[in-house]
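Each residue of the sequence shown is one higher than the one before, starting from 12 at the first, in the working numbering.
Keep in mind the hints are simulated off the structure, nothing from the lab. What you were told as hints is all true, and nothing was included just to trick you.
DMTMM-like cross-link-like pairs, simulated, lysine to aspartate or glutamate; straight-line CA separation at most 25 Å: (1) K69 / E55; (2) K77 / E96; (3) K100 / D75; (4) K69 / D59; (5) K69 / E121; (6) K69 / E95; (7) K125 / D102; (8) K115 / E55; (9) K125 / E96; (10) K77 / E121; (11) K125 / E86; (12) K77 / E117.
Pairwise CB distance ranges (calculated): (13) Q67 / E96: 13 to 21 Å; (14) E55 / T97: 16 to 24 Å; (15) K69 / V35: 27 to 35 Å.
Quick reminder that beta carbons are idealized off the backbone N, C-alpha and C, glycines included.
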Amino acid sequence: MTRLHTLGLLLIAFQLAAFVYAKVVDSRYFCWAPFDMHTSYQMEVVIDGRALTPQQIKTRYHLDHKGGNPRSYVEILGPIQQYEETYGKTDGAQITVRYSVNGKPEQIWEYPPKS
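Work out the full structure: start from the sequences and follow the hints.
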């Protein structure tokens with residue numbers, strides 16, 4: 012077998028491994044696996060006792076206050092948590108995201124996490 016054949020087989024093996032890995036983890040940012048999830052969500056954000064408007068939420072997180080995502084729910088929750096742990100660290104935001112993956116029962120994610 013030539014080096015080119017070996018390189019080609021290694022590339023295919025890597026792609027297969029990445030596909031299998033993507034099927035068993037929640038985040039799928041950098042994979043070639045098919046998008047077999049759809050997440051519907053709605054979020055509420057309260058800072059200092061005042062609910063943010065849909066436009067304020069979009070400005071803060073670069074996400075609509077409700078909508079859908081054709082990939083993993085992690086692509087919705089991840090940016091929110093990242094913002095709150097960096098830029099919004101001192102704002103004391105209380106966030107509730109209600110989401111459903113592939114039409115399954117609704118789940119609730121809260122930040123900061125409840126003990």
